[in-house]
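Chains as they are written, first to last, in this note's numbering: chain A, 1 to 389; chain B, 1 to 576.
In case anyone wonders, no lab produced these hints; they're calculated from the structure.
Warning: the hint list may mix true and false statements.
As the list claims (entries may be wrong) - Straight-line alpha carbon distances no greater than 27 Å define the calculated DSSO-like cross-link-like pairs of lysine-lysine that follow: (1) A:K266 / A:K389; (2) B:K506 / A:K83; (3) A:K83 / B:K507.
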Amino acid sequence: MSMTHQILAHTASQISALAAFAQTGAAEPTPPTFWMPVGASTISQGVDHTLDVINWICYVFFALVVVLMVWFVVKYRHRTGDKFRTDYPTHNTPLEITWSVIPTIIVIGIFVVGFRSYLDIYTAPKNAFDIKVTAQKWAWSFQYPNGAVSDDLYIPAGRPVRLVLRSSDVLHSLYIPDFRVKRDIVPGRYTYAWFQCDFPTGQPGKTPRDPNAKVVSGPEDDAQAHTLFCTEYCGTGHSKMNRYVYVLDEASFGQWMTDQSQWMDKIPEEELYFKAGPKIFARCQQCHSLDGTVGIGPSWKGIIERVKAYPIVGDGKEYGTWEDYIRTSILVPGKYVVPTYGNVMPSFKGQLNDKAIDAVLGYMQQLEKFDTKTGKLKAEFDPATGMKK
Amino acid sequence: MTTIQLPSPGALPDTIEGRPASDNYLTHTRGILSWIFTLDHKRIGVMYMWSVLGAFLLGGTFALLLRTELLTPGPTITDSADTYNQWFTLHGAIMVFLVIIPSIPAALGNIILPIMLGAKDVAFPRLNLFSYYLWVTGAVLCVVSLAMGGFDTGWTFYTPYSTTTTAGGVIPVLTAAFVLGFSSIFTGLNFIVTVHKLRPPGMTWFRMPLFLWAIYATAIIQVLATPVLGITLLLLIVERTVNIGIFNPSMGGDPVLYQHFFWFYSHPAVYIMILPAMGIISEIIAINSHRAIFGYRLIAFSSIAIAFFSFIVWGHHMFTSGQSALMNTLFSAISFSVAIPSAVKVFNWIATLYKGSVSLTTPMWYALSFLFLFTIGGLTGLHLATLSTDVHLHDTYFVVAHFHYVMMGSALIGMIGGLHHWWPKIFGRMYDERLGTIACWIIFIGFNVTFFTQFMLGSQGMPRRYYDYQPEFQVYHVISTIGSYIMAVGFTLTAISLFGSFFNGKKAPANPWGGRSLEWQCASPPPFDNFAKAPRVGDCYDFSVVHWDPKLGGYRVDESNDPEVNPAAQGTKAAH
Ligand code: HEM
Ligand SMILES: [Cu+2]
Chain A
1 MSMTHQILAH TASQISALAA FAQTGAAEPT PPTFWMPVGA STISQGVDHT
51 LDVINWICYV FFALVVVLMV WFVVKYRHRT GDKFRTDYPT HNTPLEITWS
101 VIPTIIVIGI FVVGFRSYLD IYTAPKNAFD IKVTAQKWAW SFQYPNGAVS
151 DDLYIPAGRP VRLVLRSSDV LHSLYIPDFR VKRDIVPGRY TYAWFQCDFP
201 TGQPGKTPRD PNAKVVSGPE DDAQAHTLFC TEYCGTGHSK MNRYVYVLDE
251 ASFGQWMTDQ SQWMDKIPEE ELYFKAGPKI FARCQQCHSL DGTVGIGPSW
301 KGIIERVKAY PIVGDGKEYG TWEDYIRTSI LVPGKYVVPT YGNVMPSFKG
351 QLNDKAIDAV LGYMQQLEKF DTKTGKLKAE FDPATGMKK
Chain B
1 MTTIQLPSPG ALPDTIEGRP ASDNYLTHTR GILSWIFTLD HKRIGVMYMW
51 SVLGAFLLGG TFALLLRTEL LTPGPTITDS ADTYNQWFTL HGAIMVFLVI
101 IPSIPAALGN IILPIMLGAK DVAFPRLNLF SYYLWVTGAV LCVVSLAMGG
151 FDTGWTFYTP YSTTTTAGGV IPVLTAAFVL GFSSIFTGLN FIVTVHKLRP
201 PGMTWFRMPL FLWAIYATAI IQVLATPVLG ITLLLLIVER TVNIGIFNPS
251 MGGDPVLYQH FFWFYSHPAV YIMILPAMGI ISEIIAINSH RAIFGYRLIA
301 FSSIAIAFFS FIVWGHHMFT SGQSALMNTL FSAISFSVAI PSAVKVFNWI
351 ATLYKGSVSL TTPMWYALSF LFLFTIGGLT GLHLATLSTD VHLHDTYFVV
401 AHFHYVMMGS ALIGMIGGLH HWWPKIFGRM YDERLGTIAC WIIFIGFNVT
451 FFTQFMLGSQ GMPRRYYDYQ PEFQVYHVIS TIGSYIMAVG FTLTAISLFG
501 SFFNGKKAPA NPWGGRSLEW QCASPPPFDN FAKAPRVGDC YDFSVVHWDP
551 KLGGYRVDES NDPEVNPAAQ GTKAAH
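With the hints as extra help, turn the sequences into a complete structure.
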């Protein structure tokens, strides 16, 4: 029975360790272990300790089972023709009661530990900073209180953040392993996830990550960023539906939000197509190509000519201009669906304003200036003026 | 080596009970029609067995494709995520609905259950044949679905994805699962009635072999839970065709409701998969330890306890779905209660080895693998039943690893073990023991290499159902894929050893392992009517009357010393 005592003693010490941690909080993210990735949120230590408690119970039980199994098999090995032993017990009520009761006590212990750390995960503090999250096939959009919108998630360090999650099509699930949070996103409902991370990661580099890369690679100049995944199967782009989480200190976060909400405002109308266009295209690239490759949606190569040829586009028709048609396609994609393609494009209403749509229209008109792989301005053009160097 | 002196029975007899020994259920009638329209439970079971093994081959092929694709991030053997999504969906649906659920009850159960009961057949032989053809219909519908564009919904068919995806084969596959559900219900119904009505005189409930208890507990779940799946799938079909909106949020429906329906069936369904395997393990361990199973009643009761609890834990699949904190807490607490009877069974099996006489036959190696793998599978259930850790682990590879340990490492390994255990009985041939044991080891090693890695993969944060992944996960994926190739080698060797028995296998004795339950008392293969005269029911775990007979190359049961048979004799039974 000393084994049991050990387990119980270990469990008790783990529980008190857990309680101690909940109060203090750590000075830096916990480094990755054999089982867990970096732990960077305020709840991650509670979760990891719960996992440790369970792991140790598992190791002990597993060792017990395997050692006894091997021992008995070796000790009582029988060879064909030998006499069978007959001195075996067929049951032993006290023993059987013991080994039913001990696991019962242990699982009650695990339940209690798990439940306590779960309460922390479940209830968001009152002063949490709200970020609205829209998940759609196969992109994330994060909307901040001041109207800023981003594709990667930016959060302030040292402050509880509450995500208000909604889906515009099927089920998705938001998962940030380093924060130990996960929440399903159900169409027709709002769900919440909350976490607090105390450790700034810094900002990503100037070059936006290429979401269409064959290999999902890290942010170019900051390996500390945390990854955010979709963990509820949602179709073709499910495994590409992952972005980064950047944690900024309070001051730079405020600055970032302001810049982000205004980033297009400062760009003059005629420079929109090459200064804003590529950034916006990065959100379309999942489905649309620039080089004529058929994707989930039609390629943008030659799109203007194609649209102009549609019977519903032209003077006095339903859409007076091709711009009209494209604008509608962005805001109400289901209105006309190009034959052979599915009605799968999400609406960008509320995410792309008129200026952004102007940038897209301009971009489409000058496609030859952009690299078909990256969507960025080709090297021979000056990034400041958009003209040939 | 001590040999017990027995009245010499001579070599294998030419006649059994006055019939030629070559007359058995395989040879009694001939021709393809005699199989297609057979009402013999053994033949139906054999047809099930080949069909299920065929489906296993197909499902396994998809598994290898999946693992190969995951060797590198980005495209490896297909550059289409859609193709990958179809593969994992097919793999899951085939393995769950066509392989694991029917494998033990419908294939092995059908062959063995009536013989174990000393009965001539199941209670409703026609229903039995009908349920086999329902299985075939389900399998054909799966193929039809493939021809109509396949399906990419995952085996869980979550809405609204499943009601909106453009893949063309969704309705046929839903129909297939529906039909397969009925096949399962009818099998369960048949077994419940058979166990209640056809037990021979003398076989009280607590004299039933534990395999029968397990099949009985399973049958109850099949009959009670599967109709819910049927209704759910019908609703899904209606939703997809005429859009009634019950699961559609834009029409006031609720996708989470679907998840409740689905898991209300599918959690009990995981016990439809594991309980029969546990029954097989009880048989194999007792027989190969040549001693009474330890704590018979506790094992029998824990089967029923598991069946009961399995109905009230479904919510543990939905901890992150937005279910209320109270519900989550309740479901978490109840889920742990399933772990207790599972642990108890493991302890009883281990205790059965104690002071036994352990023969390391191929089936026994499978049973020991089962103990090892089920312990891991069951213990990792604890990580998932715990609220805070499940939030991190849900829908990652950790869950994938967990359920492969229990569904493949336990249910399927149990089934393969049972196949080896009863193979001599079913076909009257011994397979190559050495090859069988080696294959078991290779599968065991390959399995752990494949799936243990996935625990780390998952807890490190790799989501499941991903075609593409971050490069830092590649090491794990490569190891896992290598493991799957090792397993493929193991299964190939298993097939060689089993099929080889048809060509160069020794003729099997009636009782090659020293079993005491009734199926070991009829010839191998059994005659078409199982027993010419009703066998006497003894204590199926009393091995003191079982003796090795070198002339038979097997064991014989000699009850002349048993006071129950011969009151004048001095009991040599072990003291109970
Ligand atoms: C020892 C008791 C067990 C416990 C406490 C347990 C607990 C759990 C929990 C909580 C989950 C949900 C995890 C998640 O999705 O986040 C789960 C998943 C699963 N378990 Fe178990 N489990 C146990 C044994 C078994 C057995 C014996 C089987 C089958 C033979 C099984 C099959 C499965 C399957 C198939 C899934 C995942 C299904 C899916 O999402 O596709 N489990 N288990
Ligand atoms: Cu479950």
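Results for each hint:
1. Simply put, K266 of chain A and K389 of chain A have alpha-carbon atoms about 23 Å apart, close enough for the 27 Å limit, and the pair holds.
2. Restraint check for K506 of chain B and K83 of chain A: satisfied, since their Cα atoms lie roughly 25 Å apart, inside the 27 Å limit.
3. Restraint check for K83 of chain A and K507 of chain B: the C-alpha separation of about 25 Å stays at or below 27 Å, so the hint holds.
Of the numbered hints given earlier, the model fails none.
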